[in-house]
Amino acid sequence: MKGALRPEAAAEMIPEGASLLIGGFMAVGSPERMIDALVARGVGGLTVIANDTAMPGKGVGKLISAGLVRHVIASHIGLNPETQAKMIAGEITCELVPQGTLVERIRAGGMGLGGVLTPTGLATEVETGKQIVTVEGNRYLVETPLKADFALIGAWQADYVGNLSYLLTAQNFNPVMALSGRTVIAEAESIVPVGVIPPDAVKTPGVLVDHLLIRAA
Amino acid sequence: MKGALRPEAAAEMIPEGASLLIGGFMAVGSPERMIDALVARGVGGLTVIANDTAMPGKGVGKLISAGLVRHVIASHIGLNPETQAKMIAGEITCELVPQGTLVERIRAGGMGLGGVLTPTGLATEVETGKQIVTVEGNRYLVETPLKADFALIGAWQADYVGNLSYLLTAQNFNPVMALSGRTVIAEAESIVPVGVIPPDAVKTPGVLVDHLLIRAA
Amino acid sequence: MDAKEFIARRVAREIRPGSLVNLGIGLPSMVANFVPADLGVFFQAENGVIGLGARPPEGMEDRHLTDAGGGFVTAVPGAASIDSAMSFGLIRGGHLDMTVLGGLQVDEAGHLANWKVPGKMVPGMGGAMDLVTGAARVIVAMQHSAKGQSKIVPRCTLPLTAQRRVDLVVTDLAVIEPTAAGLVLRERAPGVTVDDIRAATEAALVIPDDVPEVILA
Amino acid sequence: MDAKEFIARRVAREIRPGSLVNLGIGLPSMVANFVPADLGVFFQAENGVIGLGARPPEGMEDRHLTDAGGGFVTAVPGAASIDSAMSFGLIRGGHLDMTVLGGLQVDEAGHLANWKVPGKMVPGMGGAMDLVTGAARVIVAMQHSAKGQSKIVPRCTLPLTAQRRVDLVVTDLAVIEPTAAGLVLRERAPGVTVDDIRAATEAALVIPDDVPEVILA
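Protein chains in written order, with my numbering: chain A, 47 to 263; chain B, 47 to 263; chain C, 787 to 1003; chain D, 787 to 1003.
Quick caveat, the hints were computed from the structure, so don't treat them as lab data.
You may find that some hints are simply not true.
[Said to hold, decoys possible] Computed spacing ranges between beta-carbons, pair by pair:
{"no.": "1", "chain 1": "B", "residue 1": "Glu-141", "chain 2": "A", "residue 2": "Ile-134", "range": "27 to 35 Å"}
{"no.": "2", "chain 1": "C", "residue 1": "Pro-904", "chain 2": "D", "residue 2": "Gly-880", "range": "37 to 45 Å"}
{"no.": "3", "chain 1": "B", "residue 1": "Glu-182", "chain 2": "C", "residue 2": "Ala-840", "range": "43 to 51 Å"}
{"no.": "4", "chain 1": "C", "residue 1": "Pro-803", "chain 2": "A", "residue 2": "Pro-244", "range": "56 to 64 Å"}
{"no.": "5", "chain 1": "D", "residue 1": "Gly-934", "chain 2": "B", "residue 2": "Gly-113", "range": "39 to 47 Å"}
{"no.": "6", "chain 1": "A", "residue 1": "Ala-263", "chain 2": "D", "residue 2": "Pro-994", "range": "29 to 37 Å"}
{"no.": "7", "chain 1": "D", "residue 1": "Leu-1002", "chain 2": "A", "residue 2": "Glu-173", "range": "56 to 64 Å"}
{"no.": "8", "chain 1": "A", "residue 1": "Gly-113", "chain 2": "C", "residue 2": "Val-980", "range": "39 to 47 Å"}
{"no.": "9", "chain 1": "D", "residue 1": "Thr-979", "chain 2": "B", "residue 2": "Lys-176", "range": "41 to 49 Å"}
{"no.": "10", "chain 1": "B", "residue 1": "Pro-127", "chain 2": "D", "residue 2": "Ala-990", "range": "37 to 45 Å"}
[To be verified] Counterexamples of contact, computed for chain A against chain D with all Cβ distances above 12 Å:
{"no.": "11", "residue": "Ala-112"}
{"no.": "12", "residue": "Gly-241"}
{"no.": "13", "residue": "Asp-246"}
Think of the CB as a built atom: it goes at the ideal place given N, C-alpha and C, for glycine as much as any other residue.
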């Protein structure tokens, strides 16, 4: 790990038009301080890859409301009316991806796979424009890897070398996304000495984490 | 989970010619009591999918020595001279698979993927006979899913509903294999009340486990 | 008893002891209220827990433990936290014994449409495509009609969720089993005649000699 | 100093602060002895730990913590347990900063052969194909010759490990960098002349004007 950053300093690393993987599910487990700093910085044209766009005032929803997002790759935007409104108004483009396919595409990006073969989406709109491969007589969609310039991760505990652990359903997409950002920035609820997170409780090894946000004030 | 079995009863479930995923890495993390029971039962013609064949007297090596294995799918057999001797003698056939590809193929089997695309093995003997898919201008091998009739899992702790945890490097292939056996039999070093393994420490959810071996005598 | 409770109680009868079940948001989630606690059923919330429980006692809600709709929940003893990759691995790999989902349309081929009304409602498919493709058993729980229009139609006019034939449709009027031979009317709601159902159904129905009344859980 | 120690000490100089490094079994594993503890390097054992440490104190060996050869090891503070999927995800996804592997042959294209001698030694590739394909930097550590035969050859006659060009070859005689223009002789062992190296090398070498003596860690 390279070091701990103030949220403003972390946000300054992120340029106009960057692509971001953002952890969380309906904002549960999302890195809220990091997102607040991005909203304060105000760089736009972002591509956001996330399970959903939460709701106005929460998680990814704050970036949507602030008009900083140009493109969304997500499985669900139905609980954020602003995302839908901006999509209809042409301010945001949106690629909708089945949730299981989304997580496998992000994992493939982080794990060096050229893609995965899945039956999900066959004979639906999701099939459109995709390569199809037949294995043992069954047809599958080729789903391609997703990576991003940054992964913004929400964790429960971090230790001084960047090892991360998560709590219950706040885990969700975070560990997978930590594999797939070219720069990985993690925000943890507490930062604890090395050894407090035992090896078997580490869900994201610190070697994947480039920066931790400093502790909350 | 369906219940706890004596090792002999578990071995009796496994017929001649069955395919077995067996956890462990050089026998570290292998279900030794289950393997002993299989050797005692003596059913042959088995297909074993494992990282390696350990060494004589340990883990998968015991099945090799007993002459019960007809086909091996593994990444490495070099530390068990008996496997090599039997292969040369034509008693065992062997498919050698790169270790990272092996784990992804097993995972694909358990997670309903039709396969994964990987650059590992391109321009080597591993490429022979495989489908190649091009994604964004890069060539990848299509590696197909692996499943087996049974997965034999070695765990550290199990609870009464079959949740499993592992210790350090004894984890290895076990959690992935627990996804991919049509029947999953787990052998744990201790069996503890529900709640002793907290939700965030569970590596294999009990819903994947069909049977636990009863505690060691 | 209102129509939703009727549907939920009928679906609850389909749930087998010791199974792993995913309930969609809304009506399907009501099913859990009618499943006996001693049945050993584990409910999955696809955002990250196996062993989803009811709402927590007031004042004990925790933002790290929610369902897929973002609502506070509890976890039952024996619960396991899962990340999104494991969660959808369970769904896509056939480990999920049953999913109960809402529907917009079901057609004579047993196809479900439940994620999009072009031009009107484009929330995204979330986990629905994975659930319908991967779950061992798919049950659709919905009102028989909406705004006077039958939701059981000759051929879906809305975008399909998957190419897989669903296993059972439970409405306020009837229990219908899609089969290779068409939609078989299995049960009728109390006081509802076969002719009532035929009149309320746009699709052709296969009517067995005996169509008993629904028995509730 | 014997040849192996010389090679290990020279390779150690390539290791950058804070990096993630995988050392193969045998000679490569000796490299760890010459890396300063304060460099913040994490060693990966591909069987399941990041933060591999030295042998444990006598009597404190534990069978749940071994290296990829099955030998007892320790874990350093900040270590993380990883299953085989995460382990090879780190390797294949480009998260591994460096791997050091033994070699049987390296050729003028920079191709490595190190896993098979047809008809003689068929141990399996283990993790070698994944490591050479996926690691950010691949260093081959080997004797320059075996049984009087140069191991640095015009074109590998043994089966290739990967199509990727390795980054550096360190032998008891020389440090050689495979490039698009061929094998560049970068350094010579103390007391060894360029002519000595040329005489001991079957492959063509590109010889810069200045070929300094090796400086050791």
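Point to revise | Satisfaction of the hinted span 37 to 45 Å by the C-beta atoms belonging to C:Pro-904 and D:Gly-880 | key: For D:Gly-880 against C:Pro-904, whose Cβ atoms are near 40 Å apart, the range 37 to 45 Å holds.
Practice item. Confirm or reject the statement that A:Asp-246 sits farther than 12 Å, beta carbon to beta carbon, from all of chain D. Key: 5 Å, violated
Point to revise | Beta-carbon spacing of B:Glu-182 to C:Ala-840 - inside the hinted bounds 43 to 51 Å or not | key: Hint holds: Cβ distance 47 Å, inside 43 to 51 Å.
Check your understanding: Per the hint of 27 to 35 Å, is the separation of the Cβ atoms of B:Glu-141 and A:Ile-134 within bounds?
Key -> With a Cβ separation near 53 Å, B:Glu-141 and A:Ile-134 fall outside 27 to 35 Å, so the hint is violated.
Check your understanding: So the hint says 56 to 64 Å: do the beta-carbon atoms of C:Pro-803 and A:Pro-244 match that?
Key -> 36 Å, violated
Point to revise | Range hint 56 to 64 Å (beta carbons of D:Leu-1002 and A:Glu-173) holds or violated | key: 59 Å, holds
**Study point:** 29 to 37 Å as the expected CB spacing between D:Pro-994 and A:Ala-263, which holds or is violated
**Key:** Violated: the Cβ-Cβ distance is about 56 Å, outside 29 to 37 Å.
Exercise for review: Starting from the range 39 to 47 Å, see whether the pair D:Gly-934 and B:Gly-113 falls in it by beta-carbon distance.
Suggested key: Given a distance of about 41 Å, which is inside 39 to 47 Å, the answer is holds.
Review point. Honestly, do D:Thr-979 and B:Lys-176 meet the 41 to 49 Å range at C-beta?
Key: 47 Å, holds
Exercise for review: Just tell me: holds or violated, for the beta carbon distance of B:Pro-127 and D:Ala-990 against 37 to 45 Å?
Suggested key: Because 39 Å falls inside the window, the suggested range holds.
Point to revise | Beyond 12 Å from each Cβ of chain D, as asserted for A:Gly-241 | key: It is violated; A:Gly-241 is separated from chain D by about 6 Å at its closest Cβ, not greater than 12 Å.
Check your understanding: Can the suggested window of 39 to 47 Å be confirmed for the beta-carbon pair A:Gly-113 and C:Val-980?
Key -> 56 Å, violated
Hint compliance for this structure: hints 1, 4, 6, 8, 12 and 13 are not met, and every other hint is.
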